[in-house]
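Put chains B and C on the given structure of chain A with help from the hints.
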Amino acid sequence: MPISLGELAARFGCELIGDPDVIVKGVASLQNANAESLSFLASPSYKSLLPSSKAAAVVLRADDAGACRVAALVSDNPYATYARMAAAIFPETIHEPGVHPSATIASSAQVADSAHIAAQACIGERTSIGEGCYVGPGTVIGDDCAVADDCRFISNVTIVKRVRIGARCIFHPGAVIGSDGFGNAMTPEGWVKVPQLGGVLIGDDVEVGANTTIDCGAIGDTVLENGVRIDNLCQIGHNVYIGEHTALAGMTGIAGSTVIGKRCMFAGGAGAVGHINICDDVIVMARSYLSKDVTEPGAYVASFPADNAKLWTKQVARFRRLGALIERVKKLEK
Amino acid sequence: MPISLGELAARFGCELIGDPDVIVKGVASLQNANAESLSFLASPSYKSLLPSSKAAAVVLRADDAGACRVAALVSDNPYATYARMAAAIFPETIHEPGVHPSATIASSAQVADSAHIAAQACIGERTSIGEGCYVGPGTVIGDDCAVADDCRFISNVTIVKRVRIGARCIFHPGAVIGSDGFGNAMTPEGWVKVPQLGGVLIGDDVEVGANTTIDCGAIGDTVLENGVRIDNLCQIGHNVYIGEHTALAGMTGIAGSTVIGKRCMFAGGAGAVGHINICDDVIVMARSYLSKDVTEPGAYVASFPADNAKLWTKQVARFRRLGALIERVKKLEK
Amino acid sequence: MPISLGELAARFGCELIGDPDVIVKGVASLQNANAESLSFLASPSYKSLLPSSKAAAVVLRADDAGACRVAALVSDNPYATYARMAAAIFPETIHEPGVHPSATIASSAQVADSAHIAAQACIGERTSIGEGCYVGPGTVIGDDCAVADDCRFISNVTIVKRVRIGARCIFHPGAVIGSDGFGNAMTPEGWVKVPQLGGVLIGDDVEVGANTTIDCGAIGDTVLENGVRIDNLCQIGHNVYIGEHTALAGMTGIAGSTVIGKRCMFAGGAGAVGHINICDDVIVMARSYLSKDVTEPGAYVASFPADNAKLWTKQVARFRRLGALIERVKKLEK
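Residue numbers (the numbering used here), protein chains in the order written: chain A, 1 to 334; chain B, 335 to 668; chain C, 669 to 1002.
No wet-lab data here; the hints were simulated from the structure.
The structure displayed is predicted, hence computed values, not measured ones.
There could be a bad hint or two in this list.
Only pairs whose alpha carbons sit at most 20 Å apart, straight line, appear in this in silico PhoX-like list of lysine-lysine [claimed, not checked]:
id, chain 1, residue 1, chain 2, residue 2
1, A, Lys25, A, Lys47
2, A, Lys331, B, Lys665
3, C, Lys960, A, Lys310
Some, not all, of what chain A presents toward chain B, calculated at C-beta under 10 Å [as the list claims (entries may be wrong)]:
id, residue
4, Thr139
5, Gly142
6, Val194
7, Gly271
8, Val294
9, Pro305
10, Phe319
Just so it is clear, CB atoms sit at the ideal spot from N, CA and C, and this is done for glycine as well.
Same shape as in the complex, but just chain A (with noise of 0.2 Å):
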């Protein structure tokens, strides 16, 4: 949707420092934006290339207005100020309001009406559906589930049993809410499956990437808290609780009963062991896990990034031998 710089100044707060009336009608980074295109600067990394940038307008802090050859939106937070202005020139697809003749409702499901119910797709038992609901082809939302408001499961999302999600929730493919958790008790005769009966309750505003797995708690409910934004292929166990904001990038697990605070961020790869508490405003580098309580903010890592190879097998050799090269030192001191 065409906008002007004027109207975007206006309507998210910018200064602008430019012609009004420019209109722009898509986005593009600084190297590849045009004369129609909005761009942005938020990493001093891309600085260099603000001077050369062909955009209509560049959405920048104050500090940076000066180095920019074309019109500037000036925002404290350009990267959030971007979004919103991307947002309201990309809208979200509206969907006509019904349901697909290929969709299957259960008799005892309630869907709003103003919800989209796309193809192939199946509403479980005493499930309801909130008003302006998107649920993708393919979706699979099981019964005794409850769907507020305006939230969109995009396609092939199964949603399995239990599961209370806030307004505008955003579920990508392949997403998995409501699994069983892994509980076994060993037998001598062989593992005997625990029976899992909690649900999950999930908050407002939640994101949840593509082929994420999240279980339902073994008894009472694995929670995620508002505002939790969670990214493809991660593993969220039975009983976890996670804070407001909190967010995991791909490939991040987190293990049974661990509760999280608000705030914090795992990198790709990232997690937790199971059963253990972390504070606030946790940062979790890639590729580096939690093994016990943290009750310090700031950030945590453990993890080697690769070396040459023949460096590494050096580099393990010696560590190999530590304790060798410690009983040395221990010889010479005497």
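Positioned in the frame of chain A, the structure of chains B and C alone reads:
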């Protein structure tokens, strides 16, 4: 299904200390239980919650009975006994036999009369589905598969082709069984796909987690023996063999042709490289992987739990200077 | 399809040592082969099985022909030659052209006459499906996609939106292509979603494994060049670029905006952080990840294979005392 403590004690072989006529209607943790809940005490770390529990009854070991102020169901294996009792209180939903009109059954498929094939499910050519099976919504079972009695495919499961499945197995949503293994032969023109011609052979009482993938064999079968338990988001390569009652926690990866013994346990994010043999009763700790044959039962590990980022950065620097340190010690020794 | 050794030798350019009229009907490993099986010897580790093999014929290098007591098909690249012969013996199932009545095709979609659209599949608006394509059961191909000829979507695949796919690509079950990248901008009120507005561009002869996820670009496209091979449960972030014939084994994760060269190989559980450049011909070993630009071809690694748990615990303690050890050496030096 409400059950009296007397009946629970009799059916599951426990001593009951308390009133046999008390009825339980649900389950709860020690601290959340009320007068209608069954609870359990299996791990010593929850022992302090026992005296104040308001449960109708607690399943526990004889040693713990003294500290219990409500009825006690005494068992040598309280977790397994609780699991069986919980399954009795909350029996699986019974699905009416029959094929939903939106399901697609190939003309040469054989579906037992007592099986339930849910909405949008597909059953392929020459595939048989046993008595009492539940094939949930959106599940695709491809060609040339054989499923024994009483299996459950929760929803959106994919059984690709040439998969034989024993009795009472459970497949969680998004699980993919029988996908092509990763077989590629390099040529000067690029990769040539190596046809993956084997199947998957799954024993009785196997459970496979959400979004887990199990590849078919390249030649011959990938095998999961009776009682194997696999959690979410695990990857099992072509021609892997997994022995009875081995359990893999979430995000475990086993590369092709590896043979794993009986009763092994892989913790979250653990794994093994391809083409190795792992004996019975091996435990692989969180985020650790086996790189060569294991002939001794026991626990294996090689991961560093995350540290404060500043400390870790120093540690990595010290690690990288190990070679120099060794030289300094050599010099001192001379 | 039974084929004579003479025909195999002629079609695939091998020297045949043996009777050209012998017919093979299947494939098998050296030890399981019978008089109707084709087998192969590619890795020296299986050489000891050659003399006792009962195969009809073995594809092998000239050097190994002497030890072969059955017919030999001599090739410089026995694995690739075997792959091509196996594909001739077991050709892909031909699916009748046509659209299954339970499939849902958007009114503006274009499906080639020779394509097969299976049960419960959905094709979105403005999407085109090329000649000879197979769109398996439960597959959802969303809006604004273009699929070239002879692609196969096995089943329950999700192609989200704005994905352009070259010829002869294969997508295994549960793969998700074109899901939103993980773009979030922090504000005092929580995360703001950054619209993900790009697409995915996939070359010819690309294969994507089961439950792998490939995000669309934030701005501009995520790109997989010709011949890229991706195994199961991999995650490819937004705006990643992967060069020709690069292969990623299972559970590999590549974070956003990283550029990978040609013919790279990532072993199981490997990966790369975001925003880095990796040159051609880089090998990343199992469970290792790249954290900065790589300009030299070769092998990179930084993982510790699992050790006996007691030994490892000692090693970790020694590692944590490295600082103290360095101090002790300093003291000795003084």
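Each hint tested on the structure:
Distance hint between Lys25 of chain A and Lys47 of chain A is unfulfilled; the C-alpha atoms sit about 23 Å from each other, more than 20 Å. At roughly 14 Å between alpha-carbon atoms, Lys331 of chain A and Lys665 of chain B fall within 20 Å of each other, so this suggested pair holds. Proposed proximity of Lys960 of chain C and Lys310 of chain A is supported: the alpha carbons are some 18 Å apart, at most 20 Å. At a threshold of 10 Å, the smallest CB-CB gap from Thr139 of chain A to chain B is about 8 Å, leaving the interface hint in force.
A distance limit of 10 Å between C-beta atoms decides the matter here; for Gly142 of chain A the minimum to chain B is near 7 Å, and the interface restraint holds. Here the hint on Val194 of chain A is kept, as its CB sits about 4 Å from the closest CB of chain B, short of 10 Å. Annotation: Gly271 of chain A was flagged as interfacial toward chain B, and the flag holds, the nearest CB pair being 7 Å apart, inside 10 Å. Proximity of Val294 of chain A to chain B holds as hinted, the smallest CB-CB distance being about 9 Å (cut-off 10 Å).
Hint status for Pro305 of chain A relative to chain B: holds, with the closest Cβ pair at about 9 Å, below 10 Å. Using the Cβ-Cβ criterion of 10 Å, the hint placing Phe319 of chain A at the interface with chain B is satisfied: the shortest such distance is roughly 7 Å.
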